[in-house]
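S.K.: Sequence:
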Amino acid sequence: MPVNNHTIYMKQALREAKKNLKSKDGGPFGACIVKKGKVLAIARNKVLKSDATSHAEINAIRLASKRLKTFDLSGCTIYSTTEPCPMCFSAIHWARISKIVYGTPIGESRRLGFNELDISNQRMKTYAKTKVTILAKVLHSECFALLREWSHLDNKNLY
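Using the numbering used here, the first residue of the sequence shown is number 6, and each one after it goes up by one.
Among the hints, a few may not be true.
DSSO-like cross-link-like pairs, simulated, lysine-lysine; straight-line CA separation at most 30 Å [said to hold, decoys possible]:
| hint | residue 1 | residue 2 |
| --- | --- | --- |
| 1 | Lys43 | Lys54 |
| 2 | Lys23 | Lys71 |
| 3 | Lys54 | Lys40 |
| 4 | Lys41 | Lys134 |
| 5 | Lys27 | Lys51 |
| 6 | Lys24 | Lys134 |
| 7 | Lys161 | Lys134 |
| 8 | Lys161 | Lys136 |
| 9 | Lys136 | Lys54 |
| 10 | Lys130 | Lys142 |
| 11 | Lys43 | Lys104 |
| 12 | Lys71 | Lys104 |
| 13 | Lys41 | Lys161 |
| 14 | Lys142 | Lys104 |
| 15 | Lys23 | Lys74 |
| 16 | Lys161 | Lys74 |
| 17 | Lys51 | Lys142 |
Everything labelled a hint here was simulated from the structure, so no lab data went into it. None of the values given here were measured: they were computed from a predicted structure.
The whole structure should be built from the sequences, with the hints applied where relevant.
M.R.: In structure tokens form, the structure reads like this:
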């Protein structure tokens with residue numbers, strides 16, 4: 006997939022994540038799942054609205070699985086504004102998603118106050134011996150700017 010397509014899909018994840026700057030449903034995280042150039046799902050973090058597992062990636066996996074009527078998302082790419090946490094990486098692994106493309110490394114969200122387990126996707130890939138391909142820092146400056154904007158909100162809720 007050419008780099009310009011990565012930009013297109015990451016921008017969709019960013020647009021979704023930006024909705025949480027106003028809605029306060031969760032943190033500034035968005036995800037988009039694509040297969041063969043077709044967007045299957047776009048979702049954002051809704052932890053503060055519903056439950057602790059309602060991360061953008063989990064929500065996108067649920068939507069894509071429902072749309073395809075299968076748990077098996079082989080051949081899909083997930084775009085995430087921030088590197089997936091260990092829970093989301095595990096879900097990506099179990100859903101058999103082929104590629105992870107993310108914007109900001111997980112450590113950057115931790116430094117802004119999020120309660121992240123600072124374990125990189127590359128480390129998890131090595132431990133799990135999974136075949137998922139990882140592409141880091143796509144639209145990094147835009148993704149980090151979103152995190153920084155959220156961190157300056159007066160009424161944000163850290164979790």
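S.K.: Of the hints given before, which are not true for this structure?
M.R.: Of the numbered hints given earlier, those the structure breaks are 6, 7, 8, 9, 13 and 16, listed in rising order.
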